[in-house]
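As given, the protein sequences belong to chains X, W, L and C, one line each in that order. Numbers given in the numbering used here equal positions in the first sequence, counted from 1, plus 15. Numbers given in the numbering used here equal positions in the second sequence, counted from 1, plus 15. Numbers given in the numbering used here equal positions in the third sequence, counted from 1, plus 15. Numbers given in the numbering used here equal positions in the fourth sequence, counted from 1, plus 15.
Everything labelled a hint here was simulated from the structure, so no lab data went into it. Misleading hints may appear alongside valid ones.
A pair holds if it fits inside one copy or across any two, identical chains being indistinguishable in the list.
What the hints assert, rightly or not - Pairs of lysine to any residue residues, derived as SDA-like cross-links and limited to a Cα-Cα distance of at most 25 Å, are as follows:
1) Lys304 x Pro135
2) Lys120 x Glu37
3) Lys194 x Ser133
4) Lys120 x Asp143
5) Lys204 x Met88
6) Lys175 x Pro135
7) Lys323 x Asn201
8) Lys175 x Thr269
9) Lys116 x Leu41
10) Lys175 x Ile270
11) Lys55 x Tyr117
12) Lys116 x Leu324
13) Lys194 x Arg248
14) Lys116 x Ser276
15) Lys204 x Pro151
16) Lys116 x Phe77
17) Lys55 x Arg200
18) Lys194 x Glu315
19) Lys194 x His131
20) Lys323 x Asp38
21) Lys323 x Ser174
22) Lys194 x Ser322
23) Lys116 x Gln258
Number of protein chains: 4
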Amino acid sequence: MNNSIQKLFRGIIPPMVTPLNEDQTLDLRSLNLITEHLIKGGVHGIFILGTTGESSSFTTDFKENLIQETLRMVDGRIDVLVGITDSSLENSNYLAHTAEKYGAKALVSAPPFYYHLSQPELIAYYEDLADSLPLPLFLYNMPSHTNIFFEIDSVLRLSKHPNIIGLKDSSANAPYFQKLLYLLRNDPKFSLLVGPEEILGESVLMGADGGVPGGANLFPQLYVELYEAARQRNFSTLIPLHQMVMEISTNLYTIESGQSSYLKGLKSALFSSELCDDYLASPLSSFEKSDRNMIATRLENLQSSLSKLMST
Amino acid sequence: MNNSIQKLFRGIIPPMVTPLNEDQTLDLRSLNLITEHLIKGGVHGIFILGTTGESSSFTTDFKENLIQETLRMVDGRIDVLVGITDSSLENSNYLAHTAEKYGAKALVSAPPFYYHLSQPELIAYYEDLADSLPLPLFLYNMPSHTNIFFEIDSVLRLSKHPNIIGLKDSSANAPYFQKLLYLLRNDPKFSLLVGPEEILGESVLMGADGGVPGGANLFPQLYVELYEAARQRNFSTLIPLHQMVMEISTNLYTIESGQSSYLKGLKSALFSSELCDDYLASPLSSFEKSDRNMIATRLENLQSSLSKLMST
Amino acid sequence: MNNSIQKLFRGIIPPMVTPLNEDQTLDLRSLNLITEHLIKGGVHGIFILGTTGESSSFTTDFKENLIQETLRMVDGRIDVLVGITDSSLENSNYLAHTAEKYGAKALVSAPPFYYHLSQPELIAYYEDLADSLPLPLFLYNMPSHTNIFFEIDSVLRLSKHPNIIGLKDSSANAPYFQKLLYLLRNDPKFSLLVGPEEILGESVLMGADGGVPGGANLFPQLYVELYEAARQRNFSTLIPLHQMVMEISTNLYTIESGQSSYLKGLKSALFSSELCDDYLASPLSSFEKSDRNMIATRLENLQSSLSKLMST
Amino acid sequence: MNNSIQKLFRGIIPPMVTPLNEDQTLDLRSLNLITEHLIKGGVHGIFILGTTGESSSFTTDFKENLIQETLRMVDGRIDVLVGITDSSLENSNYLAHTAEKYGAKALVSAPPFYYHLSQPELIAYYEDLADSLPLPLFLYNMPSHTNIFFEIDSVLRLSKHPNIIGLKDSSANAPYFQKLLYLLRNDPKFSLLVGPEEILGESVLMGADGGVPGGANLFPQLYVELYEAARQRNFSTLIPLHQMVMEISTNLYTIESGQSSYLKGLKSALFSSELCDDYLASPLSSFEKSDRNMIATRLENLQSSLSKLMST
């Protein structure tokens, strides 16, 4: 069942936030803090320009700069995966070549998100795209934002393309993910990574190759240890780590009710952690002061629980 | 984390199919075969009149007869849970009292499914309902059919009602289920059961009290052993059993693409197993002959794999 | 284009509310008041047991009583159409025969609303149903409540059945409705009625055979005159009547944000008009006092504008 | 009710297709043919870079070139409106300033379409955007593609901004559009334009200021005459023109079932009309040959009916 050893990508690959200055320019000092924080935390790779990285809000120029700077800072110490999702194919291709030029290891693409492609249109798009890309490609299933779902048969078909090496599933639909794990269990090259950190533990227990947890921006070591405990099926270690992730999820991501609450909470907590400011790119915006204070208080409690847990 | 020992309901509680004659009357002979099959398979309870039981398609008279006959046949050997979901409250109440009269142990209710209730309307409905019911109540989260989702805060509120003792979650949204497991971890009476059998293993590993797997109509012992292996975190036993469930799921439930494919496949396989005929209640209908033959062939292969597995 | 003269059903056919006593029994006194109010207002028919009539919330016994009493009160003075929508086919058939027994002229059916039927399943269901019904049938497209949409091709197919005589479209999708009007323009028997009263005027202008406006429970004559003005393309009469309908819609139906706000507002306004009490059947409930008072004030203003308008 | 005379924008403003060469570059020769065709057809304005213009599929450089070339070709003869919809605010702002530089008269913006903004987030986004734009702005309600709906209260709030001058509604929800027409009937500056051409006639009859019909790329004069007939409430002229639009809609836009069928059909018909080639920008693609031939045949019939109609 578990062929992940041969696979190129496995483990914890956080979707890195994009730190911003007040004028919406890239905050290079914080970018450096966060990359060092992640590498020190033992993550297996870094994924930039995903949903958590607010990719859709930036121009191609901004993204090019972010790719260059991140790869310069990481300097080959770990793999960097670059999101190339864009409603324009030409933009996606440009980002892909930029990523290759500066040393990225793989690309990640959610479907173009304006027209709702049919499954045959989706397959055609990805077969064409993968043919032309200079680096291997992860599919990115993110139906809550793209309104397109990679159906099982489409993933099976695309998994046969030599340049498509995995899927990151952020659908939260665990039966769907189990079906992919089962149907692709004998594919030596196709990695299956899970998005929502609340199911990182159970997914890895059942054979997932890794995860892309947003909370790892804050506490990279926690998610790495959770991943290792799940791989080793060590429940006495796993369960308290999982509980800590649930405490993070239910405290930091749910201050507001909308889709942006997760991202606002995460950036606000990073601000309290002095890793970056809490500016979000338009069209999103930061919490008001009262919510920011609530995050600060909750984070303090979390850090206290966490330091007790990690020292044991 | 795991308080399930004190809880009233745990383990495998199959959603029993409703066997029909060609004229859409209840097939008593098959009902007896299936109940004996389930009890012999070691299930911890039987849930009648759920989605798999095609409850919404039957009149109240039909349901009353089914409740009476099932409880007569089971004769106290295991617990019977009765679905009372109906768009009419008076019908739900009548079914609840019928269930109590014939000896059921608990009731299960998905929201009334014509008007899309707001969360406050949903809470008010269930608080009123639970006040008046003669038996303890399971909430039933089935958004693909009811178009209403029991939001986290609504479940937390309803869990405080003394007569509401659990939730069966068929949303397939595993992060949602993990949040409920976490937030209700200290509630000694509230059971959390998972619907989709593809995630039965991982859910029980992480603390679910049990599951309501449709495939247990066919192979009750398989699901019971899977549940026990997951409870004991015995992976060498668990993984092959989980693989078998995935083989069932990907072979029997996906012949067609629509929502009814699962139910048609299940009843067709029960027909091949000589447990009941494959008639479905209107508005659903059986497979055409070619699909029925495909199910028969696939089932034969499954049974062969299964008998090898279970004898080891 | 306009063949409606030969059609059996045209004009204003209000979806009658179901007046209730506090104990959720049928309020016969108010039922009589409302039927007289509608007949006096000149409506072309009455549709009972639709969405506005809260059909899904009642038992079959209750519905049988309502059918019998309504037909007794109407006593042949105008046509009565009876909703037979139910998730159980046997219940639908029983209601159909009840309707025929007491003198109804036609039946109305929205799809069974628990399983989401595919379009072929939908067609098969209605062809079987129409074969067996003792009265002609209107299809009822109500996707916001049933989650099933009668696609254009399905309506064209079903329009060929001799016992299916029309469609009531409550989808609010006007391009869809125009396509049906165009594609069925040469069908001498198939009536197309529009649900939302906000587009009654424009729909009739463009060839619709009539409408099923909820507000006609309150002000039947207004909607009848609007219909006649639209049929005659008399804009100097039509526009002020349409403006009045918009004033009703934007003032009475939007107190709350949820799906039930329309029904609560309508029953609350009927209460202020002393036509019936404002009890709703479970799972819905009446407005709180402050909202009820707001409705009363708004209704007074509306009645004042209306009496000026209708006397001119 | 009808204040449209004072309004800046009214009448037929076609959403111009973007003609492409095989290598996905802008086809300047066809761009010239189409702009001349539209101007000769009497349209009241041209809207470039909308959904029909495949805006989301192009880079900012491509869009800048299209804006410049279109405005050069139009040369002040009619107003040009420019779509600035983009998931990145910086890109939208750049396009807005480009549009102003080359002489556009107004801007059109659908919401950023990756994150699903809440209504307060939507309002904040548009108030900020409108503050900074060099030209007046039309809101663009296109929920089938953006998954965001401009709710009534949000439109009322945004209509108060001095730089927001109208809404193009492509929701197909006619009751919603009627509510806006009613609630904004006394606003002298806010234009309400309707998207779907199937309801152009009825919308203008009831007070809409105009429409944005895709079919006007093919037959501009038809839609202009339909608009004028509706404004004058001249039904003997209006009805045959509306029937012709319905013939176009049901014949050309429905060859396939998906969302892209409209655009493929339109470009294929423009190809048969020798106005441009039928290349679509990735991720969409042209019809296969058999579908293209079907369009050609149907178009010939349409042209024959149309020439009879327009000569009378």
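For this session: Please work out whether the CA atoms of Lys116 and Gln258 approach to 25 Å or closer within one copy, between two copies, in both situations, or in neither?
Result: This pair counts as neither: shortest intra-copy Cα distance 41 Å, inter-copy 42 Å.
For this session: Could you figure out if Lys194 and Arg248 sit no more than 25 Å apart (CA to CA) within one copy, between two copies, both or neither?
Result: Classified as both; 21 Å inside a copy, 21 Å across copies.
For this session: Have a look at Lys175 and Ile270 and pick one of within, between, both or neither, based on CA distance no larger than 25 Å.
Result: Between. Shortest inter-copy distance 22 Å satisfies the 25 Å Cα cut-off; intra-copy 42 Å does not.
Problem set entry | Status of Ser174 relative to Lys323 across identical chains (alpha carbons, at most 25 Å) | neither (43 Å within a copy, 31 Å between copies)
Exercise. Between Lys116 and Ser276, at a C-alpha cutoff of 25 Å, which is it: within one copy, between copies, both, or neither?
Worked result: Neither: 35 Å inside a chain and 38 Å across chains, both beyond 25 Å.
Exercise. From the Cα coordinates, with 25 Å as the cut-off, is the pair Lys323 and Asp38 best called within, between, both, or neither?
Worked result: neither (38 Å within a copy, 58 Å between copies)
Problem set entry | Within, between, both or neither: Lys120, Asp143 at alpha-carbon 25 Å | within (20 Å within a copy, 38 Å between copies)
For this session: Please work out whether the CA atoms of Lys323 and Asn201 approach to 25 Å or closer within one copy, between two copies, in both situations, or in neither?
Result: Between copies, since 21 Å is at most 25 Å while 41 Å is not.
Exercise. For Lys116 vs Phe77, is the C-alpha pair at or below 25 Å within one copy, between two copies, both, or neither?
Worked result: both (16 Å within a copy, 24 Å between copies)
Problem set entry | Up to 25 Å CA-CA - Met88 versus Lys204, copy category | Neither. Shortest intra-copy (29 Å) and inter-copy (52 Å) distances fail the 25 Å Cα cut-off.
Exercise. How would you label the pair Lys204, Pro151 (within, between, both, or neither) given a Cα cut-off of 25 Å?
Worked result: within (11 Å within a copy, 50 Å between copies)
For this session: Give the relationship of Lys120 and Glu37 under a CA distance limit of 25 Å: within one copy only, between copies only, both, or neither.
Result: neither (31 Å within a copy, 32 Å between copies)
Comparing the model with each numbered hint stated earlier shows that hints 2, 5, 12, 14, 17, 20, 21 and 23 do not hold.
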